[in-house]
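Novice: Sequence:
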Amino acid sequence: MCAGVKRAVDLCAAPGSWSQILSHNLYLQQSYHLTANMVAGIDLQPMAPIEGVIQV
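Numbering (our numbering), first residue to last: 1 to 56.
Keep in mind the hints are simulated off the structure, nothing from the lab. Careful: at least some of the hints might be erroneous.
Label-pair distances were calculated between CB atoms; the ranges are [as the list claims (entries may be wrong)]:
| # | residue 1 | residue 2 | range |
| --- | --- | --- | --- |
| 1 | Pro46 | Gly4 | 28 to 34 angstroms |
| 2 | Leu44 | Ala3 | 27 to 33 angstroms |
| 3 | Ile21 | Leu44 | 17 to 23 angstroms |
| 4 | Pro46 | His24 | 18 to 24 angstroms |
| 5 | Ala3 | Pro46 | 16 to 22 angstroms |
| 6 | Arg7 | Pro49 | 17 to 23 angstroms |
| 7 | Ile21 | Val56 | 26 to 32 angstroms |
| 8 | Lys6 | Val56 | 15 to 21 angstroms |
| 9 | Gln45 | Gly4 | 17 to 23 angstroms |
| 10 | Asn25 | Ala48 | 15 to 21 angstroms |
| 11 | Gly4 | Leu44 | 26 to 32 angstroms |
This one's a predicted model, so the numbers in the text were calculated from it and none came from an experiment. Idealized CB from N, CA, C, for every residue including glycine.
Taking the hints into account, I'd like the entire structure generated from these sequences.
Specialist: Printed below as a string of structure tokens:
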């Protein structure tokens, strides 16, 4: 699903399950540290913090 993907935007991201899956899969295939944010989750509803995901 994430082959060749380096960054992703999750629109209408709450409650955050897809953001969590994207973050996990992107970090597994890349040699980046978790401090390199590659996923942005955007929603009007609040979300619990997810490691490696910028939330807007």
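Novice: Against this structure, judge whether each hint is valid.
Specialist: Checked hints:
{"no.": "1", "hint": "Pro46 / Gly4: 28 to 34 angstroms", "in the structure": "32 angstroms, holds"}
{"no.": "2", "hint": "Leu44 / Ala3: 27 to 33 angstroms", "in the structure": "31 angstroms, holds"}
{"no.": "3", "hint": "Ile21 / Leu44: 17 to 23 angstroms", "in the structure": "21 angstroms, holds"}
{"no.": "4", "hint": "Pro46 / His24: 18 to 24 angstroms", "in the structure": "21 angstroms, holds"}
{"no.": "5", "hint": "Ala3 / Pro46: 16 to 22 angstroms", "in the structure": "32 angstroms, violated"}
{"no.": "6", "hint": "Arg7 / Pro49: 17 to 23 angstroms", "in the structure": "19 angstroms, holds"}
{"no.": "7", "hint": "Ile21 / Val56: 26 to 32 angstroms", "in the structure": "18 angstroms, violated"}
{"no.": "8", "hint": "Lys6 / Val56: 15 to 21 angstroms", "in the structure": "19 angstroms, holds"}
{"no.": "9", "hint": "Gln45 / Gly4: 17 to 23 angstroms", "in the structure": "30 angstroms, violated"}
{"no.": "10", "hint": "Asn25 / Ala48: 15 to 21 angstroms", "in the structure": "19 angstroms, holds"}
{"no.": "11", "hint": "Gly4 / Leu44: 26 to 32 angstroms", "in the structure": "30 angstroms, holds"}
Of the numbered hints listed earlier, those contradicted by the structure are 5, 7, 9.
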